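*Asks:* Spelled out from the first residue to the last, the chains are:
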Amino acid sequence: MTIAFVTQASVVLALVVVTALAFDFTNGFHDTANAMATTIATKALRPKTAVALSGLLNLVGAFLSVQVALTVTNAVVKIQNSNGTPKAALAADGGNALLLIILAGLVGGIIWNLATWLLGLPSSSSHALFGGLIGATIAGLGWAGVNWNGDGSKLDGVVGKVLLPAVLSPVIAGVVALVGTWIIHRITAGLAARYTDQGFKWGQIGSASLVSLAHGTNDAQKTMGVITLALIASGDWTDTKNIPFWVKVACALAIALGTYLGGWRIIRTLGKGLVDIRPAQGMAAQSGAAAVILASSHLGFALSTTHVATGSVLGSGLGQPGAQVRWRVAGRMITAWLITLPAAAVVGAVMWAIGHLIGGLAGAGVVFAVLVAFAVAVWRRSRRTPVSHENVNDDWDGPADPTPEPEPAPRVPAAAAVS
Amino acid sequence: MTDNLGFALDGAWKVLTAGLILGAGLPLLFALGIRSLAWGAGGEAEVHESGVSGPKAQPIGTVLGWLLFAIVVAGIVLGITFIVASGFGKALSFEHIYPTIIDKH
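For the record, the sequence lines run as chains A and B. Just so you know, we're using our numbering here: the first sequence kicks off at 814 and counts up by one. Just so you know, we're using our numbering here: the second sequence kicks off at 1350 and counts up by one.
Treat the hints as calculated values from the structure; they're not laboratory data. Be aware that a few hints might be false.
As the list claims (entries may be wrong) - DSS-like, lysine-lysine: derived pairs with alpha carbons at most 30 Å apart: (1) 1439/B / 1061/A; (2) 1363/B / 967/A; (3) 861/A / 1014/A; (4) 1439/B / 891/A.
Note that the coordinates shown come from a computational prediction; the quantities given were computed from them, not determined experimentally.
Build out the structure end to end from the sequences listed, making use of the hints.
*Replies:* What follows is the structure, encoded as structure tokens:
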């Protein structure tokens, strides 16, 4: 990217790029749990080793995604043509209209990701991103700007690419993990646990690595597509067949660093909160998740890694005779899934309105400032009940909680964290 | 809406089938491998009455166990090949029974 002179548009573009990378970063730490929560919970790997391995595989995965994901927003909103170029009406005036929609959408996604991280809830980063974009588009272009149902020729639109897979994929992954767990239980009955656990820990590490790699190829691509779209809108890039190399490097690093940071709060919920998982269950859960993720990307069935991973952990709890599933935790999680898309949409819409009312560079700057302020507030709130690699595996119901609250995850609503 | 529901159920069915074959089938082989190894090792690997020594070691079990692990590893390699291939715009084809890498249509 060559910025010969600093114009208003190029500053807005820079804000969009930084925000997109920030989203990619939250995408990383929000989803570490999907691959590694069970591996950490069963102590197959030490927490720091697990996040380092997952981060590395996400980095590799991101570089493997050579195919252009430029049309990523087309699944839910109508701001791009089918070849990936922005709609002409939005690209006029240095692409400001499009940049504001993207910026507001990304901020909506990040704010929701941060709020759910604070509560230790594994919600879908893709839903947060799509929700933010949908909200910003409704505010900017009206209801007709959203691709609700596609054109009926294939699985498409908000319903086909987001809502239906969200309902179906956790059930599918749950059934696969349930069957896997039950089969393993039957086959290894009568063997000394000391003997089998060692073997299953290796199986867990292998299957968790596959999930990490698949995550890197799928999720980093989305941010690469969004940044490239912004570059095309502002006239800094014209090639719709390739993405700039620096974009790929930046996105790969952002998601890998985020993964390495480890969303310990979410890892704790998924690894300890739902089911007290044992190595055999962990292996069944991660194998089920890996198989479902790979099979669906092969068949073009869009889904969220988070929904699959959570469904498979639940399934492994149901398939193991005698294991207990904490349905209260599962209920909170499912509630978070249901409101992820609308909540991120509301934030995206409000951000667009703020940016639009103030207008221009100042508008984009205020939206960005709101994001920074919110992020700092959430981080400060999280310091009160820190969850790190040291206490991530503490007993869920036990006395090891840092606070006398009955639940380890703080139950303060996101709004209270801002005030 | 109804179109999408039809496509989604169609896709879900395929994903479930593939998921069960790979996601529960490979763990099944893995578990059988561990069972075979335990059979091969004998002694303390299996739960047995205390006071008496465990079952006798069966070397064939060890061989069988590692053979099963090899099949599982082959399945995982296929999975990685699939991820890498789709990243480069290729796809895995099973039209010759054994997998080959082809251009994505």
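*Asks:* For every hint, state whether the structure bears it out.
*Replies:* Right, here's what the structure says about each hint:
| no. | hint | in the structure |
| --- | --- | --- |
| 1 | 1439/B / 1061/A | holds, 19 Å |
| 2 | 1363/B / 967/A | holds, 15 Å |
| 3 | 861/A / 1014/A | holds, 16 Å |
| 4 | 1439/B / 891/A | holds, 28 Å |
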